[in-house]
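> Kindly generate the complete structure, drawing on both the sequences and the hints.
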Amino acid sequence: MKKYSKAPLPFQGQKRNFIKLFNEQIKKLCGDGSGWTIVDVFGGSGLLSHNAKYTCRNARVIYNDYDNYSNRLANISKTEEIRKDLLSLVIDSQKGVKIKSKTKEKIIQYLNSKQENLDYSTLSNYLLFSGGIATSISDFESRSLYNRVTVTPLNCDGYLAGVETTHLSFIELMQKKFTGKSLYLLDPPYINTQQGYHKDTYFGLLDQVKLFELMKPPFIYFTSDKSEIVEMVNNDNCTFSDIFSECEIFETKNQVTGASSYKDFLILKKSYGYCWEGDYASITQSIQSSS
Numbered sequence: 000m001k002k003y004s005k006a007p008l009p010f011q012g013q014k015r016n017f018i019k020l021f022n023e024q025i026k027k028l029c030g031d032g033s034g035w036t037i038v039d040v041f042g043g044s045g046l047l048s049h050n051a052k053y054t055c056r057n058a059r060v061i062y063n064d065y066d067n068y069s070n071r072l073a074n075i076s077k078t079e080e081i082r083k084d085l086l087s088l089v090i091d092s093q094k095g096v097k098i099k100s101k102t103k104e105k106i107i108q109y110l111n112s113k114q115e116n117l118d119y120s121t122l123s124n125y126l127l128f129s130g131g132i133a134t135s136i137s138d139f140e141s142r143s144l145y146n147r148v149t150v151t152p153l154n155c156d157g158y159l160a161g162v163e164t165t166h167l168s169f170i171e172l173m174q175k176k177f178t179g180k181s182l183y184l185l186d187p188p189y190i191n192t193q194q195g196y197h198k199d200t201y202f203g204l205l206d207q208v209k210l211f212e213l214m215k216p217p218f219i220y221f222t223s224d225k226s227e228i229v230e231m232v233n234n235d236n237c238t239f240s241d242i243f244s245e246c247e248i249f250e251t252k253n254q255v256t257g258a259s260s261y262k263d264f265l266i267l268k269k270s271y272g273y274c275w276e277g278d279y280a281s282i283t284q285s286i287q288s289s290s
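Residue numbering for the sequence shown follows numbering that gives the first Met the number 0, beginning at 0 and increasing consecutively.
These are calculated hints, taken from the structure and not from any lab test. Heads up, some of the hints might be wrong.
Unchecked claim - Cross-link-like lysine-lysine pairs, in silico, DSSO-like; alpha carbons within 30 Å at most:
id, residue 1, residue 2
1, K180, K27
2, K5, K262
3, K1, K19
4, K262, K252
5, K252, K83
6, K27, K252
7, K2, K209
Structure follows, in structure tokens:
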């Protein structure tokens, strides 16, 4: 079984910097996975699911494809053909440098001929400045293009081998009962940001409250200092602070630019001792009244 340390196709927030630590911790907790179900609730790129299955071979691993990433994987051969064609089109363009207008015109013309097979997330990674996102050909037309096309062939052989794929809301999935012991992998969107399934809905405060209501250890929770979750962990007066009591927090620093950086956190709770018994309905009503 091939081990992937990054997702086969570009995906923002795929937790690459935590993979080594993640594998170490689930190995300590789950061993070879016998008797365990590992549930990747907000599955993203599937990188956590892949590594969970690689590390804990006997575990049942459920990848909840919250962002329809598996559809991108299913079309990776088409995306690979486009990658090779783009590489030919930018052959005279310096790597990482703005593409000249004549070459840009050829690229746009080519993309128009392939409209039904375009993976915009991958193309954004190839043609836009770092972090840029396009969702249509017109987005590429209206912006400067850069030669960031990779020379490495795309391949996802065995990536989700042995992993079960679902497409459920986090509520549906976390309300399910699993045989034996369960470990939940939780990497939710930041509050009030667009969530999966074509990004047409938002993950709001009520969603976060519902997630807290459903969370039961053991779990691994991912967040960053862009969120307020860590402050909540350290605030004894917060309604949900006990969810994160007796947890271990690991952090990694990510450099965006020379002067800009942020921290990612992996929060691990192993104990079965705490289960929140609060009234979700009353908290929901309180939030709605104050908004």
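> Each hint should be assessed against the structure and marked as holding or not.
Okay, the hints, checked on the actual structure:
With a C-alpha separation of about 14 Å, the suggested pair K180 and K27 falls inside the 30 Å cut-off, and the hint holds. With a C-alpha separation of about 19 Å, the suggested pairing of K5 with K262 holds against the 30 Å cut-off. The hinted pair formed by K1 and K19 meets the criterion: a straight-line CA distance of about 15 Å does not exceed 30 Å. For the proposed pair K262 and K252, the alpha carbon gap of about 4 Å is at most 30 Å, so the pair holds.
Between K252 and K83, the direct Cα distance comes to roughly 34 Å. Violation of the 30 Å bound is thereby established for this hinted pair. A distance of roughly 24 Å separates the Cα atoms of K27 and K252; the hinted pair therefore holds under the 30 Å criterion. The hinted pair formed by K2 and K209 fails the criterion: a straight-line CA distance of about 34 Å is larger than 30 Å.
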